[in-house]
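Work out the full structure, taking the sequences as your base and the hints as a guide.
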Amino acid sequence: MSREHAIVLRAVLKRFGSLTAIDNLSLDVPSGACVGLLGPNGAGKSTLMRLLTGQAIPDGGTIDVLGHRLPAAARAARARCGVVPQADNLDEELTVAENLLVYARLQRVPRPDRPKAVADALALARLTDRADTPTDELSGGMRRRLLIARGTLHRPDLVLLDEPTVGLDPQIRYDLWTQIEDLKARGVTVLLSTHYMEEAERLSDVVAIMHTGRLAAYGSPRDLIDRHIGTQVIEFSGSRGHLAGVEQQARDAGLTTRRAGSSLTVLGADDAGIFAPAHPVRRAANLEDVFVALTGAQLA
Numbered sequence: 005m006s007r008e009h010a011i012v013l014r015a016v017l018k019r020f021g022s023l024t025a026i027d028n029l030s031l032d033v034p035s036g037a038c039v040g041l042l043g044p045n046g047a048g049k050s051t052l053m054r055l056l057t058g059q060a061i062p063d064g065g066t067i068d069v070l071g072h073r074l075p076a077a078a079r080a081a082r083a084r085c086g087v088v089p090q091a092d093n094l095d096e097e098l099t100v101a102e103n104l105l106v107y108a109r110l111q112r113v114p115r116p117d118r119p120k121a122v123a124d125a126l127a128l129a130r131l132t133d134r135a136d137t138p139t140d141e142l143s144g145g146m147r148r149r150l151l152i153a154r155g156t157l158h159r160p161d162l163v164l165l166d167e168p169t170v171g172l173d174p175q176i177r178y179d180l181w182t183q184i185e186d187l188k189a190r191g192v193t194v195l196l197s198t199h200y201m202e203e204a205e206r207l208s209d210v211v212a213i214m215h216t217g218r219l220a221a222y223g224s225p226r227d228l229i230d231r232h233i234g235t236q237v238i239e240f241s242g243s244r245g246h247l248a249g250v251e252q253q254a255r256d257a258g259l260t261t262r263r264a265g266s267s268l269t270v271l272g273a274d275d276a277g278i279f280a281p282a283h284p285v286r287r288a289a290n291l292e293d294v295f296v297a298l299t300g301a302q303l304a
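Here the sequence shown is numbered in this note's numbering, starting from 5 and rising by one per residue.
A portion of the hints provided could be inaccurate.
[What the hints assert, rightly or not] Quick list of simulated restraints, FRET-style, between CB atoms:
1. P116 - P75: 29 to 35 Å
2. T235 - D133: 42 to 48 Å
3. S267 - R109: 50 to 56 Å
4. R287 - E97: 14 to 20 Å
5. R159 - N93: 17 to 23 Å
6. L98 - G234: 49 to 55 Å
7. P89 - P138: 18 to 24 Å
8. A257 - P34: 23 to 29 Å
9. E97 - S267: 48 to 54 Å
10. P174 - Q90: 14 to 20 Å
11. P174 - P34: 25 to 31 Å
12. D230 - G46: 38 to 44 Å
13. S30 - R79: 34 to 40 Å
If you are wondering where the hints come from, they were derived from the structure by calculation, not from laboratory data.
Note that the Cβ used here is the ideal one computed from N, Cα and C, for glycine as well.
Rendered as structure tokens:
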């Protein structure tokens, strides 16, 4: 495997009975980069995470993680990876520091190095003053910070983050972004599965959009916007009948539309003149527009 890539997938296939969850997927995750993994429900993101952690075995293709071929060398790969699950599985009966210490033992951090490893993890999570606090007394945001710190305590080369900020309010999410940015500053490779578009745009060097088990798009957020949408989109508001007429005009012009209540967004329309006499509002295109254009779905 190239040293330039922490993860290399080639023609990976995973089926569950008659369902094909991963369909001939090839994907590279550059070393030292943060790759945002986007996709509607059922796109295959969770299955991909299970494959990368050795919890599932592919039915075809090859998976290399940090130079280790999976599933044969899954144990060696896991030793160099940090995994932050979506589900909160902290030990409620232990304090914050005790949770970290137990994990340090499980990850075989040498005994002399454990106190510093725990102290560094507390600092990363901004929980140094909460070291002796019982875990069940932490707020939701603190628990998520602790989960990330626990998953990175052993200084992994690669961190897999499975929707780490789901269900959290914007301020707590922002705090976690800072924690993830700290990991990036250390040179850690991050694969971030997320449902939040702003999160993907802010943190990701590269974005991979999955749809029906396949890779629909791959590139930097800016490159994807320029390639699939352009610089701007146009939005219309009005009655249902008015929007239906505009929507038909867009379809006749081969353009993708998105309806939301009493508004209609037309993607990739550089010339609003085709919709005269309607009066649209122009705005800058964003990554969510790309997602909708490629998958036909909203992030949820």
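These are the hints, each one checked on the structure:
Remark: the range hint 29 to 35 Å for P116 to P75 is upheld by a beta-carbon distance near 33 Å. Checking the proposed 42 to 48 Å range against T235 and D133 shows it holds: the Cβ atoms sit about 47 Å from each other. A beta carbon spacing of about 55 Å between S267 and R109 agrees with the range 50 to 56 Å that was offered as a hint. Here the CB-CB span from R287 to E97 is close to 51 Å, at odds with the stated 14 to 20 Å.
For the pair R159 and N93, the supplied restraint of 17 to 23 Å holds, since their beta-carbon distance comes to about 21 Å. The hinted window of 49 to 55 Å between L98 and G234 holds, with their beta carbons roughly 53 Å apart. Look at P89 against P138: about 21 Å separates their beta carbons, and that is inside 18 to 24 Å. The hint said 23 to 29 Å for the Cβ distance between A257 and P34, and at roughly 37 Å that hint is violated.
Range check, E97 to S267: about 50 Å between beta-carbon atoms, so the 48 to 54 Å window is met. Taking the beta carbon of each, P174 and Q90 are about 18 Å apart, inside 14 to 20 Å as hinted. Against the hinted window of 25 to 31 Å, the Cβ-Cβ separation of P174 and P34 comes to about 29 Å, which satisfies the hint. The beta-carbon spacing between D230 and G46, approximately 28 Å, falls outside the hinted interval of 38 to 44 Å.
Separated by about 25 Å at the C-beta atoms, S30 and R79 break the suggested range of 34 to 40 Å.
Checked against the numbered hints listed earlier, the structure breaks hints 4, 8, 12 and 13; every other hint is satisfied.
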